[in-house]
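Trainee: Starting from the given sequences, assemble the full structure and let the hints guide the process.
Listed here are the chains, written in short residue letters.
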Amino acid sequence: MVAFRELALIGIILATALVMSQLSPYFLSGGNLRSVLVGLVPGAIMAVGMAVLLASGGFDLSVAAVMALCGTIAAWLTVQGVPVPMAILLTLLLGLLIGSGNGALVTFLGINPLIATLGTMSIARGLALVITEGYNISSLPDSFTQLGEQGPLKLPWMVWITLALIILGDLALRRTRFLRQVYYIGGNERAARVSGIPVDGMRVFTYMLSGTLAALAGILLAARLSTAVPTAGAGLELTVIAAAVIGGASLAGGEGSVLGAVLGIAFLSIISNALTLLSVSIFWQIVVTGVVLIAAVSIDVLLRRRRV
Amino acid sequence: MSGPPLLAVEQLTKTYPGTRALSDFNLELRAGEVHGLILAGVTAPDGGRIMMDGTEVRFAGPKEAQAAGIGTVFQELSLVDGLTVAENVFANRAPVGPLTWLDRKRLFRETQSLLQPLASTLSPNRRVAALTTGGRQIVEIAKALSLKARVLLLDEPTSALSLAEASNLFTVIRRLKAQGIVIVFVSHRLAEVFEIADRITIMRDGQLVGSYDRSAIDPEQAVRLMVGRVLSRLYPPRAQSTGPPRLELRSVRSGPVGPVDLTVHAGEIVGLAGLVGSGRSRLVRALFGVERIDDGMVLVEGRPVRLRSPWHAVRRGMGMVPSDRKGEGVFQRMSLERNLLAAALNRITRMGLVQPRAGRRLGQELVRALGIRARGLDQAMVRLSGGNQQKAVLARWIATRPRVLIVDEPTQGIDVGAKAEIHRLLRQLANDGLAVLMVSSDLPELLGMCDRIAVMAGGRVQAVFDGRSATEEGVMTLAAGGGAA
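Chains as they are written, first to last, in the numbering used here: chain F, 1 to 308; chain V, 1 to 485.
It is possible that some hints are incorrect.
[Unchecked claim] Label pairs and their in silico Cβ distance ranges: (1) Gly371(V) to Asp200(F): 55 to 65 Å; (2) Val19(F) to Gly82(V): 44 to 54 Å; (3) Asp200(F) to Asp294(V): 17 to 27 Å; (4) Thr132(V) to Ala295(F): 23 to 33 Å; (5) Arg177(F) to Ser241(V): 36 to 46 Å; (6) Ser298(F) to Arg126(V): 33 to 43 Å; (7) Arg347(V) to Ile282(F): 27 to 37 Å; (8) Asp200(F) to Val80(V): 22 to 32 Å; (9) Arg177(F) to Glu195(V): 45 to 55 Å.
Just so you know, the hints here were simulated from the structure itself, not pulled from any lab data.
It should be emphasised that the depicted structure is a prediction, and the values quoted were computed from it without experimental measurement.
Just so you know, even glycine gets a beta-carbon here, dropped at the ideal spot from N, CA and C.
Mentor: If you want it as structure tokens, here you go:
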């Protein structure tokens, strides 16, 4: 059931890796690959939620800000002496709460998701800065930063957690009856309602999922850096949305997969890593992200036109 | 009616991906006639030629057709909701004063002078969003006339109109005809074609069947020509006997509708007749949980149920085919298969996981059982004809094995062949023990299909007729009379 789009992305990623292995001796080194994988973690986790959300015709601009806020809250709690498991649980709950706030605004007040989550994004980013007074929170307890430490295959635990989430998320969206319903909501919300699909409940759920995953991304990011940075991930929400679209999602809803969105993030990361290794300015990487997004969507439009 | 025809179409061919929509189509239109065209499409042709006033013309797109004096009012109206009537009529050709300021007074005057012959009381300053479908159609026609249209193409103009609005439209058409404007009237509804048209062209599967003067053909012949075979009986035979009550309404109220008492038995098709606004649609939508039930009791299979949303209704074994097929019925961009399975995912789920193979099997089964014509289960819904889309919506509910099925205008805007098939299917479902509640504005359909007909007016059921003995006059009198009976 893996679609053409996903296979094409895997092919392009492998081709890029092949070219890069010729251009730079460091590309295939364990250290480089590991750092690419670790760097992927926050974006990939948020891409899981975004894929579900976009399939339902929803949209969440607040993920990166929620990630930063939750990272700082988790760090702040542990520094205050709250036991680490408790701090993590409370932070995940906060993400869930912010997500249900987004969901309620969109579902029950009928506010456009772009506007609702734009507001939440600003609030979350602002609160992160207020709590930290703009400074980073460091010297986190060891039991917290463990998540960023090595596990099997010399990969940090957070990579394994992310991988598990991606597999579960992809399977759930592809195969569970519960999440399959989001495609119908994204396809035609009114028809979904008349088909007996609990549209309101599902909508709130998708935003809750997105918020909770953003909180998890924040916790893992803080653990990896041993520091919570209130300005972390500025602009990352747009990268995540772009990645999901590259992976086959549509802002109109009804399409896309978790695997596609994650492959989209992976592709963007590899490109950015390649440019870094080739000593291209970091500023150019932002330009390239835009070019890749527009190219991917244009190719898709052209292919569809021919298929008709 | 002599001289060269105003518009002649010779051997026109149009191919859509997968279907040849039109082949070797010939048509002649003369000034000042209403031409009834049954089934047609309107896009750039692939072959053949179009003659206007005896000379060949070519239209690359609607703009050029407009310039040549052909105005079209499509099924899906193309007005901008947020603008006023006048702004819509003159779209991007609004009269401007110095400095290209919009000349509002002139805009108002010119729009009014266009609306006047249409006998319309519409104010040019009304917002289009506030108009009924009938009002919007008038605006579309005014827009076409403002472009000096000599040929006016109306594609299914009455499909969304109430009876009163439709008869208004007919008055307008007759007036335009008197001014020498040719009107091509595309419709699936035979009765109105015979009411309004001077000549009738019948098409079937993209082929021209023939053009006839109205006096030279009667509706029965027309049906035969459209279906391509003799329909010995238009409607399937009625129920021999019915089972226990399946759906019971006791003093049900929803907004302005009610209190309504009504019972539908297993194996029975009960019709809801009435004019637009009589509360039929509101009532069945409330029964399915789309609208709120304010008071009263609903029993399904003898047990009181709370129907707060369609989700609840589906869990009680109910299904509904809504009247707004495009808005509430189909998922246009999704595949036929996904459309068919929308309400029955639980039937193809094992241990929480949807089984793609089981889904495909169920989809194929439904396509076969309902005779849905599509290139395959993966074909996008939007590419199916209206009749096949409607069958797919019906199939979606059959897949859930419902106990009660509500159908709201089940055959609106679909061709005669698909209509007959849907009738046959509904009767077959009833014979298999389903309780069917059917809303329809097509009175002959209700009279032909239903075992009992409840007539609604002013939000209440005025009377319940036996389907065999009910007459069109009897039902109409009550439907139009409000609470008089």
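Trainee: Next step is simple, just say for each hint if it's right about the structure.
Mentor: Okay, the hints, checked on the actual structure:
| no. | hint | in the structure |
| --- | --- | --- |
| 1 | Gly371(V) to Asp200(F): 55 to 65 Å | violated (36 Å) |
| 2 | Val19(F) to Gly82(V): 44 to 54 Å | holds (51 Å) |
| 3 | Asp200(F) to Asp294(V): 17 to 27 Å | holds (20 Å) |
| 4 | Thr132(V) to Ala295(F): 23 to 33 Å | violated (46 Å) |
| 5 | Arg177(F) to Ser241(V): 36 to 46 Å | holds (38 Å) |
| 6 | Ser298(F) to Arg126(V): 33 to 43 Å | holds (42 Å) |
| 7 | Arg347(V) to Ile282(F): 27 to 37 Å | violated (53 Å) |
| 8 | Asp200(F) to Val80(V): 22 to 32 Å | holds (30 Å) |
| 9 | Arg177(F) to Glu195(V): 45 to 55 Å | holds (50 Å) |
Violation of the numbered hints given earlier is confined to hints 1, 4 and 7; the remaining hints are satisfied by the structure.
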